[in-house]
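Residue numbers (the numbering used here), protein chains in the order written: chain A, 1277 to 1639; chain B, 1277 to 1639; chain C, 1277 to 1639; chain D, 1277 to 1639.
One or more hints might be untrue.
Identical copies look the same in the list; a pair holds intra-copy or inter-copy alike.
Restricting the straight-line Cα-Cα distance to at most 30 Å, the calculated cross-link-like pairs of lysine-lysine (DSS-like) are [as the list claims (entries may be wrong)]:
1) Lys-1579 / Lys-1323
2) Lys-1363 / Lys-1493
3) Lys-1465 / Lys-1579
4) Lys-1488 / Lys-1465
5) Lys-1295 / Lys-1323
6) Lys-1569 / Lys-1323
7) Lys-1403 / Lys-1465
8) Lys-1297 / Lys-1579
9) Lys-1297 / Lys-1488
10) Lys-1579 / Lys-1488
Hints are computed from structural coordinates only; laboratory data are not their basis.
There are 4 protein chains.
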Amino acid sequence: MSIATIAEPRTTPSKVAEKLKTAILGATGYSGLELTRILLRHPRVEKPVLLRRPADNGGPADLAEVFPALSGNGGYPLRPLSWSNVKQQGVELLFLATPHQASRALVPDAIAHGLRVIDLSGAWRLKQEQHRAIYGFEDSDPTTAAELTAKAIYGLPELSSDRLANATLVANPGCYATSVILALAPLLKAGLVDRSRGIISDSKSGVSGAGKEPSSKTHFVSVADNLSAYSVFNHPHVGEIVEQLGLSSQELIFTPHLLPIPRGILSTIYVYLNREMAPAEVESCLKNFYSGKRWVRIFPTPKLPQLQFSLHTNYCDLGFCLADDRRRLVLVSCIDNLLKGAAGQAVQNMNLMYGWAEEEGLQ
Amino acid sequence: MSIATIAEPRTTPSKVAEKLKTAILGATGYSGLELTRILLRHPRVEKPVLLRRPADNGGPADLAEVFPALSGNGGYPLRPLSWSNVKQQGVELLFLATPHQASRALVPDAIAHGLRVIDLSGAWRLKQEQHRAIYGFEDSDPTTAAELTAKAIYGLPELSSDRLANATLVANPGCYATSVILALAPLLKAGLVDRSRGIISDSKSGVSGAGKEPSSKTHFVSVADNLSAYSVFNHPHVGEIVEQLGLSSQELIFTPHLLPIPRGILSTIYVYLNREMAPAEVESCLKNFYSGKRWVRIFPTPKLPQLQFSLHTNYCDLGFCLADDRRRLVLVSCIDNLLKGAAGQAVQNMNLMYGWAEEEGLQ
Amino acid sequence: MSIATIAEPRTTPSKVAEKLKTAILGATGYSGLELTRILLRHPRVEKPVLLRRPADNGGPADLAEVFPALSGNGGYPLRPLSWSNVKQQGVELLFLATPHQASRALVPDAIAHGLRVIDLSGAWRLKQEQHRAIYGFEDSDPTTAAELTAKAIYGLPELSSDRLANATLVANPGCYATSVILALAPLLKAGLVDRSRGIISDSKSGVSGAGKEPSSKTHFVSVADNLSAYSVFNHPHVGEIVEQLGLSSQELIFTPHLLPIPRGILSTIYVYLNREMAPAEVESCLKNFYSGKRWVRIFPTPKLPQLQFSLHTNYCDLGFCLADDRRRLVLVSCIDNLLKGAAGQAVQNMNLMYGWAEEEGLQ
Amino acid sequence: MSIATIAEPRTTPSKVAEKLKTAILGATGYSGLELTRILLRHPRVEKPVLLRRPADNGGPADLAEVFPALSGNGGYPLRPLSWSNVKQQGVELLFLATPHQASRALVPDAIAHGLRVIDLSGAWRLKQEQHRAIYGFEDSDPTTAAELTAKAIYGLPELSSDRLANATLVANPGCYATSVILALAPLLKAGLVDRSRGIISDSKSGVSGAGKEPSSKTHFVSVADNLSAYSVFNHPHVGEIVEQLGLSSQELIFTPHLLPIPRGILSTIYVYLNREMAPAEVESCLKNFYSGKRWVRIFPTPKLPQLQFSLHTNYCDLGFCLADDRRRLVLVSCIDNLLKGAAGQAVQNMNLMYGWAEEEGLQ
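Here chain A stands alone, though its shape is the one from the complex (with noise of 0.2 Å):
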């Protein structure tokens, strides 16, 4: 028995030179272990550089400590961050699943030592000041922040697959933007909503949505056998909505609640059209922006998906019901938080920017 033998790619590509060399900042996290274990089963990677921060020396040498499942062999090492030695190792691509803040505070000094960037923090995802200001992020060189604040791509893969190729740095979406941004782009961007009515996302999330840190509000006997609104009309996801969206802050009412589950989101999204339509036209706008979307499944009203169908996958599940008087559209957007939510993003958006197949290593 040997665990050794996971971080081998099944079938050896042509060219072992050619595969990528990556590192992980934060594999210790939920995101970070889903990261690792797509990583390591990806064909055109090789076995990710664990990475730890400074303020962790002292934790856990292997990851195989935090997550025991990952157990075998002891062949998950944490090594300390050092630019130069990351250099040395020949890695190209940094994925950071790190705090807010620590991402804000490392992205340049990474950019700067020529490393291509994948943040799965809220750090450079925001365009716009106000938004940003709920992080409360404090730069020590704000001119280079502004610089990548208006380089990063927004890494939601359905709506900037072309700006991905070239890009340096990604942001990595939110979990909750993402099943809600994916709903109601096809219905915004064909100018089908009535947005004076104003849109509401009701979503509900997974607890491990909240992080491993353990709190009052993640210890089990809070959370199971319950279910509680939280953040109301101040999460920093809406920020991600309206920008990606171009709404104003005012149409959208956001509440997300957190689920007596380990994993998943189900959003559950109330528009108003500006004009009749017919079902099968809501469906055929659904269909027709996501044609040649893999990651992307639309279910046939009135089904809908649930949130369990998309557990374990880079999936976002939709679906729809419209009322008989075909104005009233609630829509249903389903992911599992640390796939397409978070590392699954996070993957699908390095194959776009190697030139791979979406859906490379996520299958």
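We have chain A; now place chains B, C and D onto it with these hints.
What follows is chains B, C and D alone, placed relative to chain A:
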């Protein structure tokens, strides 16, 4: 509402002989079990007679066979329904926890035999034929059915307490409807809601709301680690909500979801105010409306009730968040679907029908 | 045991002035909350004084801040512990729901101030130094501590009811220990167990048994969809079990497991009988032993109690299966760890200390 | 977006003609679904033919109707079973994920038509009539049935890998049995267990082990917040365990429990060693026994596997704690009941039947 009273010892009714004789048809369901438990503890009520429908002959002879949590003395016999026996035993009040069509068929007979009835099904809640059509009732005596429909009191005690004293037939509200109506009534009755923009209730319920009948939908593996929306635009509780609140069906979107927990409902409700209001004004509106109402708790904004807080109680917990535009309002309403949403409310109705304190037996 | 009594209205104590004054130190924990709830309903007891340790100053001022399920009137003030104030308020009985070492340090003072004490921690349960060593207590006054250790009554009412009336210090049993001792006592005391073959208790507990302190072990994602054994061969409850049952440590294997549920314990217990017995004999042995005991229910073999049946009650449910060799016996024992395993049992002990009916306040 | 691509192998083996053609009867169950998923990814196998029993005609025409998680392209047709068609399509290997009696009836025909069979039911696992009696099989051709029973290989690959290459009929082990046998085999085969003191397996399984058929026992409300023991002393897996380990039925107590989780098994196993051993000796015994075995992981004592660690993998995780008397031993064994306990093990068996690497398709 005062929890302080919980600490007070119960006072003995002066004359034991005055205790009410009740019967329950349908104690073998989840609501019926809760109702049985409450009545067994109720100081004004004798141990209830437990009846079963003729269709259930050959079924369990004692309620403890169905719910071993009651086991110990075998003292919960289920007797076949016979009107003459019911009268002979001196039963005055009959609780029906039966399927909709069964209640529709049984109530005329029960009333004809001089009983007062609290019906927990949807059989008698709706005044408008267009809403009732969803149940597809077939009345053997349409004239009597129409008369009883007209006479039936919708038993949401916070809104109808004055009409309960003389009620012969009380239609106990639906669980979802209870959570939605109680949240919306204060603002709607005060004319503060911009109904032209629409009202949305995104409601989530535990599985006991789906009943005890096994099906692929209630199989543990289908529900656990899942969330799903269902009956979008066609759930029968829409009728109750719009009738009680004086809305048109098109002014409301109601979306129920199945939560992976045994019990409890949380409704997240979205309204637009028709003028700017301060949070304190909204809070006052709610508090004044429910002043003196024992079983509604208003949480001070921005604190929100969580589903867990009202479990195993008869409370409806209400809270809200108002956006900084002072127009967009999110209300959160929580109940235990089996208590305030069913059996607890039925007992609250009984208390008011007999002139007792509203919390009698429910603390 | 008779559930019939549940249906009877409570009788008013003749003289309200006689109500007992109690205080709780540690109401902010799970057991403390349950204890508070029971005492608030208990007809013989005044609303309890809620105390907090000096170490917790700066913490919440009212219990409803910790448990919003209590919210409504802010009427659960937490007052700093002061012996003089406690006496001034006429408190006679002090409940300690504090960590082990805290209870060890506080009890001598409490007794010295003339209070009777029911301690829910492990501080005073063990008579033998070798068992107590696991807690590593440091006693500032070893002589007094030794005296109190000798005087403390192990408060498992079904086994020690006669000694409770005069007890000054009651050591409330551990939750696991309660489930195991009650299952084994009848057969062991009757000399029916072949101890040379060993006794095994495979016990499973809900997460509230691990306390309210957040940790990586109680994080929702660590517990959900999981099961784990822990503290194999070194759980402190082994000491209690073997002391109370007159076993040597080597005769017992006790393995606790953490279940993905909030509350409840199920112990599956394995013994070999030292002679062939019929199932009816085993059943008689259990039934006779617990004859007249209100809070133990014996399930008729081969029916077994399920964990769910005793939740939210003070029952210990016992059942068993006997192999066809009439020697191999599997016992199943279920309790609610916060009630019969903690707060409920503490109140049962109080009832016996004051000569009241064993079920007072617990129905 | 096209799910069809899932069915395609990632890298084409040099000779497509060599790919094995398989069929699955019973893909609509939980194990059948997992089996389908694995075979769709397996590099040596063509997309499997999905068959349904004649009894299921009128049922779903595509597996995605049963499991919408597969939805996207409707490419999983369920075809009625016909032996001639099966042969015409070139199927060589048939997987049966059917009820016990159905497998018992189908296998003789399948073998007669020249197929090799891996049967996931209990139909062919037991050699001794006394053990098989629990299933109550009625064989239409007892002679053939007896021959096949004798020829069937019990497919626990870690114990029987050398006999699989030539097997025509492989009886895939039961889920519980897999977890118990793998934990006990090393010590028992080495003669280190004091069998006279008895062996106990206290096993706990997620609900998918009970199958997809709705019943009151699998209703969410019956399972959630619960734990229950069942089939004590009479579970059919006892036969497998004792046959494979060379025990008498009386030497083993096996107690299954139903856990409130969808999948996974944890068995806590108690044995007494027949001589004093150091922990390192026990560890060596396990490690040596499973040396080179890809799908068994030994945890270094006193670390124990948790159920969660093996979920969604084909691993059996083993750990143990030894008491300070060096005789009392607690083993913990974890598997995913649908993978190592069913579909994963079936594929592992297939790999060995065809001379492929044991982990092919399972990583």
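Outcome of the hint check:
1. Lys-1579 / Lys-1323: For Lys-1579 and Lys-1323, the Cα distance is within 30 Å only across copies (27 Å; inside one copy 40 Å).
2. Lys-1363 / Lys-1493: Neither: 40 Å inside a copy, 37 Å across copies.
3. Lys-1465 / Lys-1579: Within one copy only: 24 Å inside, 36 Å across.
4. Lys-1488 / Lys-1465: Neither, since 36 Å and 43 Å both go past 30 Å.
5. Lys-1295 / Lys-1323: both (10 Å within a copy, 29 Å between copies)
6. Lys-1569 / Lys-1323: So Lys-1569 and Lys-1323 pass the 30 Å test inside a copy (28 Å) and across (23 Å) alike.
7. Lys-1403 / Lys-1465: within (19 Å within a copy, 43 Å between copies)
8. Lys-1297 / Lys-1579: Neither, since 42 Å and 34 Å both go past 30 Å.
9. Lys-1297 / Lys-1488: within (27 Å within a copy, 44 Å between copies)
10. Lys-1579 / Lys-1488: Answer is between; shortest inter-copy Cα gap is 21 Å, intra-copy 34 Å.
When the structure is compared with the earlier hints, violations turn up for hints 2, 4, 8 and for no others.
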